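As you go down the protein sequences, you meet chains A and B in turn. For the first sequence, my numbering begins at 1 and goes up steadily by one. For the second sequence, my numbering begins at 1 and goes up steadily by one.
These are computed hints drawn from the structure, not numbers from a lab.
DSS-like, lysine-lysine: derived pairs with alpha carbons at most 25 Å apart:
hint	chain 1	residue 1	chain 2	residue 2
1	B	Lys-275	A	Lys-140
2	A	Lys-96	B	Lys-275
3	B	Lys-157	A	Lys-96
Computed far set for chain A versus chain B, every beta-carbon distance over 10 Å:
hint	residue
4	Tyr-11
5	Gly-12
6	Ile-59
7	Lys-62
8	Tyr-71
9	Arg-126
10	Trp-131
11	Asp-132
12	Lys-229
13	Glu-237
Label pairs and their calculated CB-CB ranges:
hint	chain 1	residue 1	chain 2	residue 2	range
14	B	Gly-56	A	Glu-144	55 to 65 Å
15	B	Lys-275	A	Ala-57	38 to 48 Å
16	A	Ala-174	B	Ile-24	47 to 57 Å
17	A	Ser-181	B	Lys-4	40 to 50 Å
18	A	Leu-53	B	Leu-29	47 to 57 Å
19	A	Asp-176	B	Val-21	41 to 51 Å
Quantities reported herein were computed from a predicted structural model and do not represent experimental measurements. All residues carry an ideal CB built from backbone N, CA and C; glycine is no exception.
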Amino acid sequence: MIETQDVNFYYGDFHALKNISIKMETNTVTALIGPSGCGTSTFLRLFNRMNDLIDNARISGKCLIDGQDIYHKSVQVDELRKKVGMVFQKPNPFPKSVFENVAYGLRVNGAGNKSYISQCVEESLRCAALWDEVRDKLKKSAFELSGGQQQRLCIARALAISPSILLMDEPASALDPISTSKIEELIHELKKNYTIVIVTHNMQQAARVSDKTGFFMLGELIEYNDTKKIFINPDREQTQNYITGRFG
Amino acid sequence: MSKKTSQKIAFFIFRLLGLLVVGILVWILGFIVYNGIGVISWEFLTSAPSEGMTSGGIFPAIVGTLCLVAGSIVFAFPLGVMSGIYMNEYAGNGKLVRFIRIMTNNLGGIPSIVFGLFGMALFVNAFKFGDSIIAGSLTLGLLILPLIIRTTEEALKAIPDSFRTGSLALGATRLQTVARIILPMAFPNIVTGLILSIGRVSGETAPILFTVAAYFLPKLPTGIFDQVMALPYHLYVIATSGTDIEASRPVAYGSALTLIAIVLLMNMLAGILRKCFGKKIK
Chain A
1 MIETQDVNFY
11 YGDFHALKNI
21 SIKMETNTVT
31 ALIGPSGCGT
41 STFLRLFNRM
51 NDLIDNARIS
61 GKCLIDGQDI
71 YHKSVQVDEL
81 RKKVGMVFQK
91 PNPFPKSVFE
101 NVAYGLRVNG
111 AGNKSYISQC
121 VEESLRCAAL
131 WDEVRDKLKK
141 SAFELSGGQQ
151 QRLCIARALA
161 ISPSILLMDE
171 PASALDPIST
181 SKIEELIHEL
191 KKNYTIVIVT
201 HNMQQAARVS
211 DKTGFFMLGE
221 LIEYNDTKKI
231 FINPDREQTQ
241 NYITGRFG
Chain B
1 MSKKTSQKIA
11 FFIFRLLGLL
21 VVGILVWILG
31 FIVYNGIGVI
41 SWEFLTSAPS
51 EGMTSGGIFP
61 AIVGTLCLVA
71 GSIVFAFPLG
81 VMSGIYMNEY
91 AGNGKLVRFI
101 RIMTNNLGGI
111 PSIVFGLFGM
121 ALFVNAFKFG
131 DSIIAGSLTL
141 GLLILPLIIR
151 TTEEALKAIP
161 DSFRTGSLAL
171 GATRLQTVAR
181 IILPMAFPNI
191 VTGLILSIGR
201 VSGETAPILF
211 TVAAYFLPKL
221 PTGIFDQVMA
231 LPYHLYVIAT
241 SGTDIEASRP
251 VAYGSALTLI
261 AIVLLMNMLA
271 GILRKCFGKK
281 IK
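Could you build the full structure based on these sequences and the hints that come with them?
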């Protein structure tokens, strides 16, 4: 379970997230929507502490995963990131072979056994619905794959280190509709075993893939509820306006 | 004037200037090859100078120059690359880093004779290395350090951050990210810095003047504390203060040609290294 309590986040003087409290259940898909710059990506990056890389960033409040404060001093960031995988907006495979891309996470986390690694790579590629397309190209460069395949490769790469949570930052925004629908199907499958948080600017996508939806605006969480409720009968007028496209 | 004519005139001028640069280069090279090729022979390349350096070969100077190039690169390349990595990957963008960056840039602008004097004061006298390969190599190493740091930094900067975040998000540490993803990607461009440094080191005279170069020393060095002859200094000596300047002129041209050939050869080697690495990571 993911939970935040009164989280505030600052980039220098800029107050990017304001008093966010939210609870996301295990094995659900939560969509975060909102206009560009509203803080959804920043919020997503709290959970694998990717914001740590930014100079002058500051956080207050509590950010808990399975009850543990992930910003506590005792938490090792690389260990946390093993549990909380991430898929980025643009596919970012490494300049390595397809196989080595998936094996990378295992190798940096100390796996050395060859048969274990190749078994893990195959499983992850199957999970990401990519195995059948790349089984003959495992030694080819990942850059030779199409954009959609590259993104699924990045998902496979994230799955290989068996995280329990998967963060997806607009994972389909750089892809064509067919690749997008493949990714969405995949999200449906992955839900059985992973807790997924996805940032998207595509309303239909949020409606299609998620169980719960959070609507952000100017760093505030305006509304957080079941996806059906948000898209059919939201409580707040701002939400209504946004999802019907009247602004934003 | 129409857009098309102004375009045409502009590119005509650019082309002319480009050809001019190439022309000057070809001229210099042609001049040296024309005058130097006559004396190049197996004997010239493999024997020591004789008869007051007016005849014989330049073997000790070739060996000396190779020693100095190798020594300075061994010292400066790892140090420079590591500094570049520190500044671009670890240090953030604080005041300290900006200070270091300004200092390295200034270091790059210091005249080479100053490095020579500094090397003499520090390595030759204070460290008591005497005139030696190690003193010369360290001095030359200092000279090229800013160049290597600079090119390393630029090479690392050219790698998009998405590769770093992608790696870190998989639980890799910063060190793993640098060692396994970033450095291999940046390596071909870092080698460019290496190539420039080799050229610089092989041609410098001032820094070795007081730290290593011997006026005339027909035997080969046996260790890093020995003095050696070096091609650029040898060239300088026989062209300005040899026993018989007119008589040794062919030797001077031959030395110049050899020096250029050595630099070209080493650049080609580095280029091959660069290509191999580039292929491997694709």
